[in-house]
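Chains as they are written, first to last, in the numbering used here: chain V, 1 to 490; chain S, 1001 to 1174.
A portion of the hints provided could be inaccurate.
Simulated DEER-style distance windows between Cβ atoms [to be verified]:
#  : chain 1 : residue 1 : chain 2 : residue 2 : range
1  : V       : I326      : S       : S1166     : 20 to 30 Å
2  : S       : S1166     : V       : D381      : 54 to 64 Å
3  : S       : R1124     : V       : R314      : 20 to 30 Å
4  : S       : R1014     : V       : D381      : 49 to 59 Å
5  : S       : Q1019     : V       : G297      : 54 to 64 Å
6  : S       : A1118     : V       : G297      : 38 to 48 Å
7  : S       : G1042     : V       : E328      : 23 to 33 Å
8  : V       : G321      : S       : S1166     : 20 to 30 Å
9  : V       : E328      : S       : A1009     : 15 to 25 Å
10 : V       : T296      : S       : G1042     : 24 to 34 Å
The list that follows gives simulated cross-link-like pairs (lysine to aspartate or glutamate, DMTMM-like), each with its CA atoms no further than 20 Å apart [stated by the list, open to error]:
#  : chain 1 : residue 1 : chain 2 : residue 2
11 : S       : K1060     : V       : E328
12 : S       : K1060     : V       : E331
13 : S       : K1100     : V       : D324
14 : V       : K99       : V       : D161
Which bits of chain V does chain S cover? Going by a derived footprint, with three or more residues having C-beta under 8 Å, they are [what the hints assert, rightly or not]:
#  : stretch
15 : 249-255
16 : 325-336
No lab work stands behind these hints, which were simulated from the structure alone. Quick caveat, the model's predicted, so the values are computed rather than measured. For each residue, glycine too, the CB sits at the ideal point set by N, CA and C.
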Amino acid sequence: MGRSFSFGQKIGLGFTVVALVALLVAGLAVYSLRAAVAEKDRVLSAYGRNVITAGDLQIEAEQRVSFARGYFLAKDGQFLDQLAESRGEFDRILAELRKRSLSPEEEQLLAKVDQSARAQSVATERVIAARKVDEDLGKIATQFQAEVVPRNTDLRKALEDFTQLEERQMERADRQAAEVAAFVTNLMIGTAGAGVVGAVVLAVVLARLLGRQIGSALHRLQSSSSELQAATSQQTTTTREQATAMSEIATTIKELVVTARQIAESARRVSGIADETAAGARAGDQTVQRTHEAVTGIRGQVDVIVTHMLDLGRKSQQVGGILDVINELSEQTNILAINASIEAAGAGEAGRRFGVVADEVRKLADRVGGSTKDIRSIIDDIRSSIHTTVMATEAGSKAVDAGTRQFGDVSAAFREIARLVETTTEAAREIELSTKQQTTAVEQVNEAIASVAQASRESEVSSAQTLQTVTELNGLARDLARLVQPGAGA
Amino acid sequence: MTPAQLGAAAAGMRRAFDQTFAAPEPPPAGESDDFLAVRVGGRPFAVPVLDLARVESRRKVVALPGSHPWLLGLASTQGHVVPVFSLELVLGLPATPVAKPWLVVCGRDEPFGLAFEALEGYTRVPRAAVLGAAEPDAPRAVHAAGGLRPVVSLSAVAAAVRSVVSGRKPSGGS
């Protein structure tokens, strides 16, 4: 917890503790001395007053004896009055004395005094009464000597006992006061010694504690100074590198400005090309429209071709039918010729020429049959070709239909291209404008980078100064450590 | 065949037909026999023309219920109704049904028809070229319509048909 106090607080706290110890010692001494003196005064005053009062009582007792003797001798009533007055004074002093705080022994002695005084008074009154009626002084003297003097002696002795008691108590109180004073003196000496020892111990502890803490702080200060020196050195290097990097950045930004201007020029050219592309797209759209019309015409011609080809197919089918008839005729002719040959063979020699004709007819029918087969084959080829042509034409018609539909798509695509090209043109213009703004901004950044480079160079100079200051601070810390802890700070 | 070739073929046919009437009567040639090249049950055969009365193409044959399997039915030819027998069954071949078969009519006194699958040609063969012609009862064969064809003996066929019609067991095939 001591580490939370500052050095000034710790030193102040140490001196405060020493001052408090000294103040405590002084207070104790004053208090003890005052208490001893007061006790002594109290004892001396009380017992002295009691001794004095006892002396007063003894004086009054002697006066009572004197007044009684005076009355015995002179028989004067004035002595009785004085005697009564002395008795009253004696009683008053005794009563006053008994009012004080007394020990039981003192009470007992005062009771004996009172008893002796009363016995002395009674004896004196008897003698006084005898004197009043008797004139014989010898007798009175004897009675006085017999009755009053012993009582008086008893009273005197009681008073002396009381006085001696008071004197013994006063001596004992005096010894006690001296013992208290000696105790107080020893206590003061002990306390003062303890204070001195505590102050010395406190001084040593404070010295060691402060020395250790200051040494630790100086050690940390040296370490921090070394680290700060290294950091400042590194900062100087970094600042130098930063200045170099800033110069490179400035060069790069200049190149960036040039590039941005080229981009702006390219964007302007792109805008021009986009305009030309839009015009081309519009021209393409018109061309597609014209081509669409041409293809529509082609589609009509294809329909006509298909119609004619189908008609040709039907007519070739008719030719096939006619050819069937011819084939049938040739077959019938062949059969007829065969039957004619059979009849001619059955007729013998007479039917020989008829058989020749029948053979020729049969041969002719065979050749007709062969020719009809050839024609059938040709017609089949024609019909197959017509069918293929019709199929191809229909496929072409469908392709034309699909192309016609696709022309709409192409036209829409051209319009979309034109719209997109317009968008591209607008975007290229925005790019051009943005690039110009970017060029301006980059130039401003270049100026800012130049300012930063200047600041970096100034920071480099400042870092060098800081490094020098830190070096000096490190030397100071080493010197201070050497002062606080001799042998340290090497 | 191109149209020019067709025209040339037609002109050739016309010229040959005209020359037939323009040429002088041919001198008597050597002995020869005429044959019909037919296909029966998918096989080629030759039928001698001299034994035939007529040839009919694709005649409708009306079947007779409960008749012999050889008898396919009745057909009309030149105003007469003739019985029609299956030549392939007569020849011992498996039956191949044909809707409208070709017919050859045999026998002038008791004509009957023989149905076959197709007529493939008419050929005249020198008698010396007929194989087996030297022996009277030997089977014969001729080269006709691109191949060697066995000659159907219509007399034997007629005998077999008659034996079947009369309920006798036929004596043999061709």
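Do the hints match the structure? See the list:
One distance hint, 20 to 30 Å for the beta-carbon pair I326 of chain V and S1166 of chain S, is violated here, with the actual separation near 46 Å. About 56 Å separates the C-beta atoms of S1166 of chain S and D381 of chain V, a value consistent with the hinted range of 54 to 64 Å. Judged by the Cβ atoms, the range 20 to 30 Å given for R1124 of chain S and R314 of chain V is violated: they are separated by roughly 44 Å. In this structure the supplied range 49 to 59 Å is violated for R1014 of chain S paired with D381 of chain V, their Cβ-Cβ distance being about 26 Å.
Checked against the hint of 54 to 64 Å, the pair Q1019 of chain S and G297 of chain V passes, with Cβ atoms roughly 58 Å apart. About 55 Å separates the C-beta atoms of A1118 of chain S and G297 of chain V, a value inconsistent with the hinted range of 38 to 48 Å. Judged by the Cβ atoms, the range 23 to 33 Å given for G1042 of chain S and E328 of chain V holds: they are separated by roughly 25 Å. A hinted range of 20 to 30 Å is violated for the C-beta pair G321 of chain V and S1166 of chain S, which are about 48 Å apart.
One distance hint, 15 to 25 Å for the beta-carbon pair E328 of chain V and A1009 of chain S, holds here, with the actual separation near 20 Å. Hint check: T296 of chain V to G1042 of chain S, Cβ distance near 60 Å, so the stated range 24 to 34 Å is violated. Between K1060 of chain S and E328 of chain V the CA atoms are separated by roughly 17 Å; this keeps the pair inside 20 Å, and the hint holds. Straight-line distance between C-alpha atoms of K1060 of chain S and E331 of chain V comes to about 17 Å, which keeps the hinted pair within the 20 Å bound.
For the given pair, K1100 of chain S sits about 18 Å from D324 of chain V by alpha-carbon distance, which is consistent with the 20 Å threshold. With a C-alpha separation of about 19 Å, the suggested pair K99 of chain V and D161 of chain V falls inside the 20 Å cut-off, and the hint holds. Counting residues of the stretch 249-255 of chain V whose CB lies closer than 8 Å to any CB of chain S gives 0, which falls below the minimum of 3, so the coverage claim is violated. Residues of the stretch 325-336 of chain V lying with their CB closer than 8 Å to a CB of chain S number 4, which satisfies the three-residue condition for coverage.
Of the numbered hints listed earlier, those contradicted by the structure are 1, 3, 4, 6, 8, 10, 15.
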